[in-house]
Amino acid sequence: MDHLPRIVDHLDDFLRIGEFPDASQNGLQVSGRDAVRRIATMVDASRAGIEAAIEAKADMIVVHHGLLWSKPVTLTGIFYERVRLLVENKVSLYAAHLPLDAHPETGNNIQLLQLVGAQLTGWYAEWGGKPIGCLGKFDRPRPLAHIIEVLDEGLGTQTKVLDYGPDEITTVGIVSGAASEALFETKRRGADLFITGEPRLNAVHEARELEINVAFSGHYATESTGVKALSKRLPSWFDVEALYIDVPCDV
1 MDHLPRIVDH
11 LDDFLRIGEF
21 PDASQNGLQV
31 SGRDAVRRIA
41 TMVDASRAGI
51 EAAIEAKADM
61 IVVHHGLLWS
71 KPVTLTGIFY
81 ERVRLLVENK
91 VSLYAAHLPL
101 DAHPETGNNI
111 QLLQLVGAQL
121 TGWYAEWGGK
131 PIGCLGKFDR
141 PRPLAHIIEV
151 LDEGLGTQTK
161 VLDYGPDEIT
171 TVGIVSGAAS
181 EALFETKRRG
191 ADLFITGEPR
201 LNAVHEAREL
211 EINVAFSGHY
221 ATESTGVKAL
231 SKRLPSWFDV
241 EALYIDVPCD
251 V
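When the letters of the sequence shown are read in order and numbered with the numbering used here, they come out as residues 1 to 251.
No wet-lab data here; the hints were simulated from the structure.
Treat the hints with care, as some may be off.
[Said to hold, decoys possible] Straight-line distance between alpha carbons at most 20 Å, and here's what the computed SDA-like set of lysine to any residue pairs gives:
#1 K228 - D12
#2 K57 - P235
#3 K137 - E105
#4 K160 - G129
#5 K90 - Q29
#6 K187 - E198
#7 K130 - G27
#8 K137 - Q119
#9 K160 - F184
#10 K232 - R37
#11 K160 - V251
#12 K90 - I78
#13 K187 - H205
#14 K160 - E206
#15 K130 - F184
#16 K130 - P104
#17 K90 - A35
#18 K160 - D250
#19 K228 - L155
#20 K71 - E81
#21 K232 - K137
#22 K130 - W69
#23 K57 - W69
#24 K232 - A52
#25 K57 - A242
#26 K228 - K90
#27 K90 - L155
#28 K160 - P248
#29 K57 - D250
Quantities reported herein were computed from a predicted structural model and do not represent experimental measurements.
Please take these sequences and the hints and turn them into a complete structure.
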């Protein structure tokens, strides 16, 4: 058993929560019981995810997409139901959005880079003045089809591919989630392949005209990597059990 304030302080420091201007209200969003024995991690603070965490007897939930963003909300409807479940069951909710995209160890993008087997060469794609995307290089050219197979198997997804670049991939840029706007910079940085999550219509024409490959591996799937990696670290930092809860969607 560990204590909520100690866990929050450590996560804030490790994830550099205060360094990222973000629409998400990162950090502790809902405070539950002080004693924490089990922490659940998941991508989204959905009702289904919260209910699954409660069923698993979690005292705390750590998510990538939390409940509180820049726009004020009212405690009504489905938002009320999510908060009610947390409060009535004394379960804490902690969110890390951009900090978990950008983290050099447990971040979504570095985890994706490691999954496909490329070596980190730099960071790019600034959001709020902070680079969150990874640039990488393979030790030898890899067939595009092989990289897509690795993504699909590793993430449990079905990647949508725009194969407008070379068949053999040497360099890659990765920005998880909904980041099609980073396509132009990815091309300028010399990448043969851009890996992101959510498709955007304009990106089809842009990729064709830029002559670059794009892999849309799913918003949810590409942003599951960070919370999974974080879940593996938690028991080594705190006297807790940790589990990852999968509430998949096709986006």
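We went through each hint and held it up to the structure:
Among the hinted pairs, K228 with D12 is consistent with the structure: their alpha-carbon atoms are about 18 Å apart, no more than 20 Å. Under the criterion of a C-alpha separation no larger than 20 Å, the hint pairing K57 with P235 is consistent with the structure, at around 16 Å. Of the pairs offered as hints, the one joining K137 and E105 holds, with about 18 Å between alpha carbons and a cut-off of 20 Å not exceeded. At most 20 Å may separate the alpha-carbon atoms for a hinted pair to count; K160 and G129 exceed this at roughly 30 Å.
Among the hinted pairs, K90 with Q29 is consistent with the structure: their alpha-carbon atoms are about 13 Å apart, no more than 20 Å. Pair hint K187 plus E198 holds up; C-alpha atoms about 18 Å apart against a cutoff of 20 Å. Simply put, K130 and G27 have alpha-carbon atoms about 18 Å apart, close enough for the 20 Å limit, and the pair holds. A hinted pair counts as satisfied when its Cα atoms are at most 20 Å apart, and K137 with Q119 qualifies at roughly 5 Å.
For the hint linking K160 to F184, the alpha-carbon distance of about 19 Å falls within 20 Å, and the restraint holds. Straight-line distance between C-alpha atoms of K232 and R37 comes to about 15 Å, which keeps the hinted pair within the 20 Å bound. This hinted pair checks out: K160 and V251 have alpha carbons roughly 11 Å apart, not beyond 20 Å. Annotation: proposed proximity of K90 to I78 holds, straight-line Cα distance about 18 Å (limit 20 Å).
For the hint pairing K187 with H205, the CA-to-CA distance comes to about 14 Å; that is within 20 Å, so the pair holds. For the hint pairing K160 with E206, the CA-to-CA distance comes to about 15 Å; that is within 20 Å, so the pair holds. For the given pair, K130 sits about 18 Å from F184 by alpha-carbon distance, which is consistent with the 20 Å threshold. For the hint pairing K130 with P104, the CA-to-CA distance comes to about 13 Å; that is within 20 Å, so the pair holds.
In summary, the hint linking K90 to A35 is supported, as the alpha carbons are separated by about 10 Å, within the 20 Å threshold. A hinted pair counts as satisfied when its Cα atoms are at most 20 Å apart, and K160 with D250 qualifies at roughly 12 Å. Our distance criterion of 20 Å between C-alpha atoms is met by K228 and L155, whose separation comes to about 11 Å. A hinted pair counts as satisfied when its Cα atoms are at most 20 Å apart, and K71 with E81 qualifies at roughly 18 Å.
Using a Cα cut-off of 20 Å, the hinted pair K232 and K137 is violated, with the two alpha carbons roughly 26 Å apart. Between K130 and W69 the alpha-carbon distance is near 18 Å, which keeps this suggested pair within the 20 Å criterion. Proposed proximity of K57 and W69 is contradicted: the alpha carbons are some 27 Å apart, above 20 Å. Restraint check: the Cα-Cα separation between K232 and A52 comes to about 19 Å, which is no more than 20 Å; the hinted pair holds.
Restraint check: the Cα-Cα separation between K57 and A242 comes to about 11 Å, which is no more than 20 Å; the hinted pair holds. About 23 Å separates the Cα atoms of K228 and K90, which puts this hinted pair outside 20 Å; it is violated. Taking the CA atoms of K90 and L155, the gap is near 32 Å; set against the 20 Å cutoff, the hint is violated. Between K160 and P248 the alpha-carbon distance is near 17 Å, which keeps this suggested pair within the 20 Å criterion.
Straight-line distance between C-alpha atoms of K57 and D250 comes to about 27 Å, which puts the hinted pair past the 20 Å bound.
In summary, the numbered hints that this structure violates are 4, 21, 23, 26, 27 and 29.
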